[in-house]
Amino acid sequence: MEYIALVVGFLIILAGLWAIMTRKNILKIIIGFSLFDTGLHIVMVALAYVNERTAPIIDGTVLAEEAINKVVDPVPQALVLTAIVIGFGVTALMLTYAVRLFKSKGSLEIADFKDAKW
Amino acid sequence: MELFGALITLLGSIILLIAAIGLVRMPDVYNRLQVGTKASTMGTLLSLLGIAIIHPTWAGKLIILILFVLFTNPVSSHVLARASHYINIRISKRTVVDKLKVTDRAFKVGEVKK
Amino acid sequence: MTYIIVSILLGIIMLLMTGIAILHKNMVVAIIAAGVVSLFASVLYLLLAAPDVALTEAAIGSGLSTIIFFYVLNKIRKNNVAE
Amino acid sequence: MINTILTIALALIFLSIAIIIYRFMLGPSSVDRVISFDMMTIASISIIGIISYMSDRVIYLDIATVYGLLSFLAVIIIAKYLEKGL
Amino acid sequence: MLRNSLIFVLVIAVGVIFYSLFTQFDGNDELSDLAQFYAQKENIDKVGSANLVTAVVVTYRGLDTLGEVTILFLTAAIIGFFLKGKLEEGKREVRPSSEILQTAAAVLIPIIIVFGVYIFINGHLTPGGGFQGGAIIASAIILMLLTRPTMPFNHKLFSTIESISGLSFITLGVLGALFAGGFLDNRFIETGTVGELISGGAIPIIYSFVGLKVGAELSNILGDFQEVQNEK
Amino acid sequence: MKNYITIFVILFFVWFLLNNTLQVEVLIVGLIVSALVTTLVGVMLCVKCNVFSDLKYTPKAILNTFIFLAVFFIELVKSNIDVARRVLAPTRPINPGIVEVKTKLKSKFARMLLANSITLTPGTLTIETRGDSFFIHWIDVKDINVEKASNELIRKFEKYLEEIYD
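Residue numbers (this note's numbering), protein chains in the order written: chain A, 1 to 118; chain B, 119 to 232; chain C, 233 to 315; chain D, 316 to 401; chain E, 402 to 633; chain F, 634 to 799.
Don't read these hints as lab results, they were simulated from the structure. Check the hints yourself; a few may be wrong.
Listed next, the in silico BS3-like pairs over lysine-lysine satisfying Cα-Cα at most 30 angstroms (straight line) [claimed, not checked]:
| id | chain 1 | residue 1 | chain 2 | residue 2 |
| --- | --- | --- | --- | --- |
| 1 | A | K24 | C | K257 |
| 2 | E | K447 | A | K70 |
| 3 | A | K24 | E | K485 |
| 4 | A | K70 | D | K399 |
| 5 | F | K789 | F | K689 |
Some residues of chain B that are not near chain E, with every Cβ distance over 12 angstroms (derived) [what the hints assert, rightly or not]:
| id | residue |
| --- | --- |
| 6 | I132 |
| 7 | I139 |
| 8 | I182 |
| 9 | T190 |
| 10 | S210 |
| 11 | V215 |
Every residue, glycine too, gets a C-beta built ideally from N, C-alpha and C.
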C-alpha cells in the first residue's frame, strides 16, 4: 500500500512540476503548485507508514502498553499537518498576487507580462 | 443481526450504483439532479445505517452524519437547480411545460435585479 | 489485500483527475478536478493510518482552497458571458 | 462473512464512482460536473464508513462528517459563482 | 522548442531521482528511535495525550506550532495589505440567495461552529485539533458570507479574537516554562488519565486557543477575498 | 427567547451525539460550549435570528412532528423505488416539466422543511420560491394546473407542517 501511495505521490509531483513550467495561465500555475503540494504530502505520509499498523491514537482498540508495537510513526504526520496549513497560506498569497496582477494589466496570461522578463 | 446490517450496507451501495447509472442515462441537468439527490441521499443513509446496526456503540456519530446528509443534500441540489435555471442550461426536449420561465418573462425579471 | 486494491483504485482516480486539472481548458472544471484530487488523497491518508492528516486535507486542502479559488475566479471575470 | 459482504459493497461503490467520473469527463455543462463532484463526495462518505468498520476505529467517522460539510459548501459556492451571486 | 525540450529533460531527470528513491525504499517494519520514544507507555502517561500526533504538535514540537501560527498571521496581514483597494461607494448588484438557503444557513451555522469546537476540544482524544477546528469554524463564517454577499465583513471582531487567543497561547507557554519543564510544557496542570476529556494537562486549553486563533485568521483571509469582490 | 432556547437544545443534543458518552465532565463542557455558541450566534453573527420562533411545543404539535417524519421516510423509500424504476427501464419513462404550486405556510423553517421534503419525494425537485409560489421540477407531469398540482404534490406534508408551526 505504501508503495502505491509513493508511486502516486511521485507522479502527481511530476505532473505538478510540468504544469508549473509549461502552463500559460497564472491560475493554472497555481493549481499546479497546489497539486505539487498534495503529491509531496502523500509521499511524506507514505514514508511514515509501518506495515500492518494503525493510527497513532490511543483508545479502546489500541492500549497504551502495546502502542509501541501497534501504531505508525506520528512525527511525519505532525510535519505534514503543519505543511498543509502553510500550503494553504502560500496558495492564498499567490492568489492575492494574481488578483493584484489582474488589476494592473487586466489579464492573467503569462505572455502579457513580458516587461517583467529579464 | 450483524449480517442484517451488512446486507443493509450492501443495499445502500446498490442504490448508489443506481444513482450513478441514472446520472449517465438521464437527458438533462434537472433530471440528473433529481436522480442524484434522491438516490445518493438514500444510499449513504442506508450504508451508514447498516454500519450503525453492526456496531451499535458507534450510533451517535453515525446518526449525526445521517442527519447532516439528510439536511444538506436537498438544499445543495436546490441551489444548484436554481443556478442552472438562471444561467439557461439547455433543458431537455422532452420537457412539457416550464412555468418558471413563463413567470420570468411575464414580470420582466432582469439579469440581476430581483 | 482489500486495502491494496482500494489504494490502487484511488491512485488511478487521482492521476486521472490530475490530468484533467492540468489540461482542461475550462478553469471551473480544472479547479473542481484539483478539489477531487485532494478529496481522494484524504481517503488515501486514511488508509495510510493518518486520520489527522486526512482531516486537515479534507477541511483545508479540499474545502477552503477550492472556495478561495472561486472567489478569485469571480473577481477576474470581466463582463464576459461565462460558459 | 460480514467482511466479504462489505468488500462487495466497497466494490460496488467504486464502480459507481467510475461511472460518475465518466459523467464528469463527458458532462456538457459545468453544472453536470458539479453534480458529479457532489456525488463523489457522498460516495466517499460511504467508503469512509466501511473503511472505519474494517479497521475497527470509530475515530475515522469524524472525517466523514467533514466530508458532508465540504460537499455542501463547495456545491453552494460553485452554484453561486455560476449564477453570478458571489 | 528548445524551451519545451529543456523542460521535458528536467522533468525526466526529477523522475529518475524519484525512481532511485523509490527503489531504495523497502517498507518500514519498526518505528524510528524518536517515534519509539514518543510511543513508550511512560511518555504517553507523562504527557497524557491519547493522540500522539497532538502530543508532537503541541508539546514536543510546540515551538514549531508557534512559528506556524505566526506565519499564518503574517500571511493574513500581507493578504489584507495587498488586496485592499479603493472601495467603490456604489453597491454591487448581485442576485440574492434563495430563501431556503438562507434559512438552512441560519440553522447550520451554529451546528458547524459546535462541530469545530468539538474537533479542537477533543484534539487530544480524536483526530483533529486547533488547525482543523479553526478551518471548520472558518467554513461556518464563509457560509454566512455566502448567504449575504454584500454584507460588510467585521474585520475588527476577528482581529480582536485573534489577538486575545494569541496572547493567551503565549501566556500558557510561559506558564509552562515557569511551573514545568519548559516553554509550552503542558504539565503545569494535572495530566490525569489518558483517554478522559479532562486530561493531558494544558493541551486542550492550548489547542482551543490555537483553534480560535487559526479560525479567526482564516476568516480574515476569506473576508479579504470577499471584500475585494465589492470593488468596482 | 424561544428561538435561543431551541438553538441551545439542538446544539447540546449535537454535542451529546458527537461525544456519545454520559460522563459528567463531557456534559458540563457541552453545556458551556452550547451556551457560548448560542450567545455568539445571537449577538454577533446574527444571520436570521428568528428561525425557530414559530415553533409550537403543544402535545399536538409534537405528535404531528412524528407523523410528519413517518410520512417523510415512507415517501423517501417510495421515491427511491421510483428512481430505480425510471433509471433501469430501457425506455426511460420520463415526462418532465416545471410546475407552479401554492403553499399556505408562512414560517421560514416550515417552508424550508417543505422544500426539502419535496426534493426528496418521488420525482420532484424544488427550483425556486417566490412569495407563496414554489416552482417544482416534476419528472412526470400529470397536471399543470396550480391547484391540482398543489394537491398532488405538497398537501400531504403541508397539513402536518401547518399543525406544527402556524
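Going through the earlier hints one by one, which of them does the structure break, listed in rising order? 4, 8 and 9
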